[in-house]
Amino acid sequence: MSELFTFIQGRWDPAVTYPQIVWPALVVAYGVFAVTFASLFAGITSWYERRVAGRMQCRIGPNRVGPQGVLQWLADGFKAFLKEDLVPKEADGILYRIAPYPVFVGVFCTWVILPYAPAVVGADLNVGVVFLMAITALVVAGIIMGGWASNSKWALLGGVRSAAQMVSYEIPVGFALLTAVIPAGTLSLQGIIAAQGGAPWNWMVFHSPATFIAFFVYFTAALAEGNRTPFDLPEAESELVAGYNTEYSGMRFIWFFFAEWANLYVIGAVVAAVFLGGWRLPGVGIEQQAASLWLQFAGACLFVLKALVLVNVIIWLRWTLPRLRVDQLMIMCWKYLVPAGMVLVVVAVFWVFVERGMPGFARWVAFLLCATGFFLVGLMFWRAWYNIKYGGDRLYLKFMV
Amino acid sequence: MADFGQYLANIKNSAVSIFEGMAVTFSWMFRRPTTIQYPDRSEKPVRDMIPERSRGVLEVDVKTCIGDLQCQRVCPIGVILIEMDKAPDGKGRVIKRFDIDVSKCMYCGFCTEVCPTNAMRHTHEFEGCSRDIRNLVLHFVDEPVPPYKLQKDVTPPTPPLGEILRTRVLRKWDASYRAWESKYVPPPPAPGGGSAEAQKGKEKKAEAQKAEEKKAEGTVEAAAEQPSRPAAPEPLPVPEGIRAGDILEAVEKAKSIPPAKAPESPAPVVAVPPPEEKAAAPAPPEPEVPPKDHVVEAIHEEQPWTKQLVKTPEPEVVHGNVDLTAEPLRVPETTDRSAAVDMEPKAEKPSRREVQEAVPEKPGFVPPPDEPDRPMLDRVLAAMPGVADCEGFCGYPSCRGYANALSSGGEFEHDLCDRGGKGSADRIALLLRKMKKKETVKTE
Chain A
649 MSELFTFIQG RWDPAVTYPQ IVWPALVVAY GVFAVTFASL FAGITSWYER
699 RVAGRMQCRI GPNRVGPQGV LQWLADGFKA FLKEDLVPKE ADGILYRIAP
749 YPVFVGVFCT WVILPYAPAV VGADLNVGVV FLMAITALVV AGIIMGGWAS
799 NSKWALLGGV RSAAQMVSYE IPVGFALLTA VIPAGTLSLQ GIIAAQGGAP
849 WNWMVFHSPA TFIAFFVYFT AALAEGNRTP FDLPEAESEL VAGYNTEYSG
899 MRFIWFFFAE WANLYVIGAV VAAVFLGGWR LPGVGIEQQA ASLWLQFAGA
949 CLFVLKALVL VNVIIWLRWT LPRLRVDQLM IMCWKYLVPA GMVLVVVAVF
999 WVFVERGMPG FARWVAFLLC ATGFFLVGLM FWRAWYNIKY GGDRLYLKFM
1049 V
Chain B
225 MADFGQYLAN IKNSAVSIFE GMAVTFSWMF RRPTTIQYPD RSEKPVRDMI
275 PERSRGVLEV DVKTCIGDLQ CQRVCPIGVI LIEMDKAPDG KGRVIKRFDI
325 DVSKCMYCGF CTEVCPTNAM RHTHEFEGCS RDIRNLVLHF VDEPVPPYKL
375 QKDVTPPTPP LGEILRTRVL RKWDASYRAW ESKYVPPPPA PGGGSAEAQK
425 GKEKKAEAQK AEEKKAEGTV EAAAEQPSRP AAPEPLPVPE GIRAGDILEA
475 VEKAKSIPPA KAPESPAPVV AVPPPEEKAA APAPPEPEVP PKDHVVEAIH
525 EEQPWTKQLV KTPEPEVVHG NVDLTAEPLR VPETTDRSAA VDMEPKAEKP
575 SRREVQEAVP EKPGFVPPPD EPDRPMLDRV LAAMPGVADC EGFCGYPSCR
625 GYANALSSGG EFEHDLCDRG GKGSADRIAL LLRKMKKKET VKTE
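Taken in sequence, the protein lines are chains A and B.
Here the first sequence is numbered in my numbering, starting from 649 and rising by one per residue.
Here the second sequence is numbered in my numbering, starting from 225 and rising by one per residue.
Hints listed in this document are in silico derivations from the structure and should not be mistaken for laboratory results.
Any given hint might turn out to be false.
Quick list of in silico lysine to any residue cross-link-like pairs, SDA-like style, CA-CA up to 20 angstroms [stated by the list, open to error]:
1) B:LYS236 to A:GLY770
2) A:LYS983 to B:PHE636
3) B:LYS236 to A:LEU941
4) B:LYS287 to B:ASN237
5) A:LYS801 to A:VAL974
6) B:LYS236 to A:TRP982
7) B:LYS236 to A:TRP942
8) A:LYS983 to B:TYR231
9) B:LYS320 to B:GLU267
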């Protein structure tokens, strides 16, 4: 037990304490944990999203399988297992069969760098952010593979759209992450978290005007990269049947959606780590947190909580905004997000000098931005309450219907 | 610069509109969903939630029905079927039958408007789901009921809406037609009209006749009794796949065997013409047996494959629900009886087409007798052949079921009877047309 404790505290030296075989075992254990977590998350989110969508559309959503429908995702998954695994006759069999796996792997490999606590992380890569962008590009490969190998017009159109979209939005994602990397001075996610503080005004979002805007830029671009509505053009049902997965059925079809819903968590977790302070607890130093098992656990919980709040926001956005047109999508990227990203990087570099030269002013700006952020959140609640009141409705706070 | 202003305005507009839009959707998270969780989680039964004057499935309270048949007359589709009868004590009439075919009703509400006592009403019931459309013919009369007498200053009592209907609708959507039939279709009536003694006499006659036939069977006279039969068996087709050698061998064998007996008469059909007709029929000459048939017979006896072709004739009792003693099958007397192929057992079942061709066309058609006292169901049934080896082309489990559906108006297609062919269909059509005219006029 004490060895495990030292391991979790990060003071453990694998070369000294244990034979070489234990380290691979731990790596496998973490892999199993990550995949299990991701799968469960993807499954449960598929149910949760439908419930939220139902409420936002004035209905209830699935509530029949199990209490409040919580087992709906199991039923759906079971159904998919029983489906025939169909490969179209004219499809490129091998490519068609392996296409879901790059998508799946591309999303799940990001768990390697997601930091839950000072010591709980798959691998604290010193090029963490670059790894994140590189491994996510696998998804594009998988989607194009699926679209091409299906030998179907709809699938091919979806795949090509997806390629164009993802390659375009890699650029604003890169710029936005760079804006956060410049003040932190490191590409490692643990390093970026360590550069922030536990209190909201010490978070990276409110660090400077550049990072404040970069937060929104990254969030938007990450949605587009993850094929989430309003940027789900590759799988636009109304125009492309189902896009790149038109020909897929059964479990292979489910893999794509597994990856999509797991990607929700990845977006939330990366934003939480890079912009919202990650596992940092307010008023607790890094050494103090690393020394205590319970503080590590609390930090991990806080990190997951932040990620889940962001997942909620993504779901909320999906059921609010209509899908963009292809031209609008490209205009949004190349005319708005990319120039904004360029300016943001320049401002971020400039702000390093401001921080050095006028630490008081920088701190004041951080407070102001923090206040703005909380004001926006409050404004949102007020607007929602206003809509209910003047829509002639009553507040109904029961979530389980 | 103006362009740049527009550029910034675009950003601002999109940000504001997204923010407002999200506020709207967010607000719905704190409002009550309007979904009514039909059918099991609504606060009260849905029939109590739908508007008061909505038109659901029709129901009738036969206790307050005055039997004026106005609803039946006003119905544009013919959904309602009412049968009136004389009361058993001889005074007045009774309502013998009151059927509503919900599957055809279009909810126009005419019948409820003409009803003077409000016996006919639209309920709030709407769940009539059933796997068999015949389950949707609702029968509102179990025992004959005397019609309600309208009195001055007395408003007829009205039971709660839908109470009667709920006892009449089959709730199980996959309730089988047989269950429905056993509950609602009247059992086969006592044979024929007239007194019971006459009935018995008739039955005895029929029995005696049958016995006679049995006796006569096997003898040459039996063949003589059936003038319509082709005297000699038709030349048998040699089945394919049989080598000439086999036949030659058989012929060789046949030569050593004494000549076979005369070809047996095929099965007599029990649906015999009435005795008078029999007597009138002249006995045809004994069938000649061409000598070459011996060879064929010999082959039949020796070869196993011939068993398929020649069947030992047995008295084939025509069964089904035909009441033979009361009503002889309508076989056209004037034409050659060989035309009534559908009555006779065959080695292979004839196709529908064959049967239809075999049944004579109009010149030999005999219209069904005019028997106003006999229930329509029986009359329709008598117009069907009711043969044993029916393939069930009509889709009903029994001839009785099909006849019931036809006579109650639940079935429009009168030519579904495969074995009856065109003759049967024409007779049924005539009967049904008569029924329509009669029942509308019968109102006294």
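Each hint tested on the structure:
1. Among the hinted pairs, B:LYS236 with A:GLY770 is inconsistent with the structure: their alpha-carbon atoms are about 41 angstroms apart, more than 20 angstroms.
2. This hinted pair does not check out: A:LYS983 and B:PHE636 have alpha carbons roughly 69 angstroms apart, beyond 20 angstroms.
3. For the suggested pair B:LYS236 and A:LEU941, the alpha carbons sit about 46 angstroms apart, so the restraint of at most 20 angstroms is broken.
4. Among the hinted pairs, B:LYS287 with B:ASN237 is inconsistent with the structure: their alpha-carbon atoms are about 71 angstroms apart, more than 20 angstroms.
5. Of the pairs offered as hints, the one joining A:LYS801 and A:VAL974 holds, with about 17 angstroms between alpha carbons and a cut-off of 20 angstroms not exceeded.
6. Pair hint B:LYS236 plus A:TRP982 holds up; C-alpha atoms about 17 angstroms apart against a cutoff of 20 angstroms.
7. Taking the CA atoms of B:LYS236 and A:TRP942, the gap is about 44 angstroms. The hint is violated against a cut of 20 angstroms.
8. Only pairs whose Cα atoms come within 20 angstroms are accepted, and A:LYS983 paired with B:TYR231 is accepted, the gap being roughly 9 angstroms.
9. With a CA separation close to 41 angstroms, the supplied pair B:LYS320 and B:GLU267 exceeds the 20 angstroms bound.
Violated hints, listed in ascending order, are 1, 2, 3, 4, 7 and 9; each of the other numbered hints is respected by the structure.
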